[in-house]
Structures are given as structure tokens and as C-alpha cells.
Amino acid sequence: MNLKWKRWFPMLIVFAIFLSPLLGINPKTYITITISGLAMGMLLFLVSSGFSLIFGFLSVLNLAHGALFAWGAYIGFTSFNLINQWTGWGGSNSIFLNFIIFLLALIISGLLVALLGIITERSVIRPVYGSHLFQIFITVGAMIVMEELIRIIWGPNDEVMPVPIKFMGSWDVFDVVVSKYPLIAIVIGFILYLVIFMILRKTKIGTIVRAGVENPEMVQVMGHNIYRYFTGVFAAGSALAAIGGGMWATFVKSIHPAMGGEVIVFALIVAIIGGLGSITGSVVGALLVGLSYNYVAYLIPKAALGITMLLLVIILSIRPTGLFPEGT
Amino acid sequence: MNPVQLFHLEERKNRFRSPSFFFRILLLAFFVFTPFMFRSFEVLDVILKIIIFSVLVASYDVILGYTGIVSLGHVLYFGIGSYFVGIFMGKLGLTSYGHLALAFLIAILISGVLSVLIGLFSLRIRAIFFAMVTLAFMEFTFILSSQLRSITGGDDGISFKLPGILAIDFSYGKFLGIEFTGRLISYYLILLLSLILFLLMLRFVHSPVGRVLQSIRDNEQRSTALGYRTYLFQVIASSFASCVAAVMGGCFVIWVRYVSPDSSLSVSIMLDVLLMVIVGGMGTLYGSIFGAAFLMVTRAFLPKLQVIIASLLPGIPLAIRLSERWLFYFGLLFIVIVYFFPKGIVGTAQEIFARRKSN
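Line by line, the protein sequences give chains A and B. Using the numbering used here, you'd call the opening residue of the first sequence number 2 and step up by one each time. Using the numbering used here, you'd call the opening residue of the second sequence number -8 and step up by one each time.
Hints are computed from structural coordinates only; laboratory data are not their basis. Glycine residues also receive a C-beta, built at the ideal position from the N, C-alpha and C atoms. Mixed in with the good hints, there may be bad ones.
Which residues of chain A face chain B? A few of them, derived with a C-beta cut under 10 Å, are [as the list claims (entries may be wrong)]:
id, residue
1, S60
2, L104
3, L105
4, P128
5, Y130
6, G131
7, I137
8, V146
9, E263
10, I270
11, I273
12, K303
13, T309
14, L317
15, P321
Counterexamples of contact, computed for chain A against chain B with all Cβ distances above 12 Å [what the hints assert, rightly or not]:
id, residue
16, F100
17, T208
18, V222
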């Protein structure tokens, strides 16, 4: 097997999985399911990319990531409601205004949760760099505290997540049902992927971050304060979790304080499959999980979670370090 | 004779003389005479849960404190034990001693095999993967147990009756002013099983295998260099601990006579176990007893505390909300303990005694 072929091997796996359910599903349903699978994959990507970046760069297993995700959803919920009360854009018929209020809510939740992430990193995680054991305990503690803070501030009950009017419903394209919001989620997720990828590949910050994944001491020797970059990456990871939280909440239309715990397991699996610390790996892993989950959920509903675990086991046994190497 | 053997000989000689030996006897006596001292069922319930959880936490400590690998899915095996007893007694209705023993055996076997499999494909890469994969498996089993309604009873769980002398309406007659009901007999049965398992774990961590495990914890590269296949030893430790956890899961449902995903397979139990390990002290099996006692007793008194706070501060919703969320304080406690007492109660006490001795 030559090198070039080897490089595209993971992509081929994706396409094989992509097309195989056609045997059991009729093509129109297949497209509908594929779109919702891609949307789920993109939402998972947003959660797991932050997790994966933080692990790859800081070598911190951030179990509080799910709580940051839930915080993102709740802040998105509150800011959406506040802006909507003030301007009424969420209920307006113009899709442009709908977009603006949605993006504003996402940006606000991203920024605030990034701040929360900075506080968490500075106050709790900073003292335990280098010890995986204590990091796990500390981040579990931080997770409990953050989740309980949500219960204290917003109350312990489920809330209904508001959705902009024009985001609801679906289009009918040649008898194929295409839901609107999943399509929007795919586009936003893909744009975010491109942005992160470009930042990591083309900017100086990205180069330093990637170098830090390889060899932190050397980066320090070159005169960069690596702790500042640690904080920055943690903040970026938190912001990604928050944006993922807001978009996920809009997808499932409800929020509750423990929502992070359910998603963090998916994020873990995606991050392991894709390779920890790899942004492209996160995308591929997330799409693999999202698509396979949706196909199997349609064919055999009860085995949907099983396929995710099976995927994890298969990938861990053939490629123990995940599909993509760190820093890509 | 080499220094290690000399050390063992010295240890063996002072075995029955040290103050900690009497302390252990006292502790055991306390557990044995609990039903005679406290007549209320609530107290007995708390103390039995302390016993069960201290063995569960000790088995977790074998992985965490003695081997140095982090498992976040240890409760999975506890749940397997619970569910097998529950399914055999409740769903299949096979209430006989033989089937109870069979349920335990199958649970132990499955836990052992499963933990070996999980260990084999996740410990091979990096120890940190083990934490993630075990967490994923536990979450998966949790969802599975609430979805497979026909086998596990879904979220409602299974309640069941136990055979013969363990049944709730069985009575043996009075003894020392106490009526020996099925409850009390199950109490002593569980105490006996816990004692055996605890001694077994003590034996395990002080055996040659246990010493290798501690050397892996302290310096993995060095033990590899000494010729030990470290990851095989880690797999052995994790499968041993998970078998113990499976037995404790069975004991737990024998006591509560009910099994559901929330009561024996949820992440919140895992968090409890983590907190107990931290409070008691990692790498000390006896610490688990203190950790479990601390958490269980606090939890038993918390509702009363809430009533007091609610009566002291009437009409302030935020104060009541803050007092309701006791998990919040546990989370803070988690962080504080990891910072200031990373060795826990027993570890810190041992350190103080050692310092005093050397002075």
C-alpha cells in the first residue's frame, strides 16, 4: 500500500459507511436521515473538538466539558429570550433577523463560557498540570459545581429552548423532506471547522499551539509564555463547547441541567475515534458517529448506541491512537 | 535472607501488638453488634450501606490507589452484580439458594471477562484511555439497562423476593432481646461476605502481585525495565477489583431488594465512590471505611439540616435553593480535598504518626 493511498484510507471508510445503508433504506428516506446524521455529527464535532483540543494541547482530561456545554446552552437560552423580548427578532418573518438573533445568542454564550473557562483553568486546573489523576478529580469536582450552579441559578427543571420561527419546519425538494435547522447546523459547523483549521494551519498562533502539542518545553525555550496559550486554548475549547451547547439545545428544543453528562460521553468517543488533539479527526469521528447512529437508529432502534460502542472498539483495535495524528 | 523477607518477618511479629490491630477488632465488633445497639431500621440501613460501600470503594482503591490507573466505570460491575441477582430473583422468579449463588457466579464471571476485555484493548495504549473507555462503557450499560424493558424492567427496575431465611417475613425467634428476621440475617450474611472480600483484598495488595502493582503505580517505566509486563498486571488488578464490585452489587440488592438503573448503575454512584476514595485516602484500604462512613452519615443527616435552614431563613428562595443543592458543596469539597488533603483522612493520619515516630 503506498503512502498516498494510506492517507485517504480513513476517508474511504467514511464513504463506505456513508453508502452502505442504501441497501436497506429507500433513497428518499436515506437522504433525510443522512442530513440529520450529518447535523448530529456537526453538533458532536463542536463539542468534541474543544475537548480534543484541550486534551491534545494541555494534556488535561477535561471532564467538566459537559458542564461547560450545558452552561453554553443555558446562557444561549437566556440571551435569546432577552434579545427576543427586546427586539422580537426571533418571532419575525425575516430569515435574516432570525439568523442575527440566533448568532448573537451563540456569540454571547460563547464569550461568557470562554470567560468561565478562563476562570476554571486559572483557579482550579492550573495547579494540577502534569498529574492526570488529580486533573480527573479536579475536573469532576468542577463539573459537579458547575452543574449545581445551573440548578441554583436557573432551577432544576427542563426548559423549552426557543427556536427562531423560520428555522422550524422543512423544505420539500423533489419529494425529499429536508428539515431546515439541521441544514443550518451543518453549514455553521462546517464554517467553524474551516475557521479552526485555518487558524491552526495558517496563523502564527496556530503554529505555536501545534508546536506546543509536540513539545511544550521547546516552545517555552523559543520565548513564548506557554501558560498564556494554555489558557487561550482552554477558553477556545470552552467557547466551542458553549456554541455546541446552544446549537444542540436548538436541535432538540429543550435544555436541562444534566444535558452535558449525556453528550460528554459521545464527545469522548468521537475524540478517541478521531485521535485526541486532532481537529480533522474530530470532524471525521463526529460524522462517523452521527451518521452510523442515525442509520442504525432507523433500521434497528435499540442498537443505535451499540453501534457507537462497536465503532469505538473497532477503531481502537485497528488504530489505537485514533484516525488522525495530533495537531492536524 | 533478603531485606524484603526481613521486613515481612518484622511485620509478622508485631501483627497482634500494634494499636491499629485493636482498632480493627473494635471496628469489626462495632459492625457485629450494631443490630443490638441500634434498634431503629434507619441506623441499621445507614451502617449496612457503609459496609457495602466501603468494600466497593476499597475495590476501586485497588485500581486507583494501588495500581495507579483511573477507571471511571467501576460502578458498571456493581450494576452487573445487582442486575444478575435482580433478574434471577425477580424476572425469572427463581427464588432458591442455588439460583442466588448461580446469579453471583455468573455476575462474577461476566464482570471478570468484561473487565479483561476492556482492559486489554484500552490499557494497551495509554492509561488515560482506560478512564474514557470505562466511562463510555458505563454510560452505555446504563442506557441499555433502561432501554431493555423486557429484561431489566426499564427505569422502573425490578423488585423481588428472596428465598428462605433471607425472605423479609421469615423470623427465627428472639435472641438476646432481638428478633432475628430475614433482614437481620441478610445483614450478617452481607457483613460476612464483606469481611471475607476485604481480607481478600488486603491479601491481594500485600501479595507479590500487589507489590508489582504498587511499583507500576510509582514508576511504570522502571517496572517495565525490571521485566514486568505492566499492562498485564494492570488488567489483573482491574479484573480482580471488578469481581469484588460485582459481589458487592449483589449484596446491595439483597439488602434493598430492588434494582433499577438509577439506584445501582448511575454516574452519581460513581461520583460518590470517587468522593469516598478521596476523603478516605487513596492507597489505603482502610481509608475506604472512613470515606464511606463520612459520606453516608452526612447524607443521612442532610435532610434534617435542610429543614433547619429552611426554618431559620423563611421566605428567601435563594437560600433554600442553596441549601437544597448539597451536591454543590460535595463538589466544592472534592476540589478542596484534592488541593489540601490529597492523601485523605487515613493517609494524613498515617503521615502524622510516621512523623511522630521518627521524631
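Against the structure shown, which of the earlier numbered hints fail to hold, in ascending order? 2, 3, 5, 6
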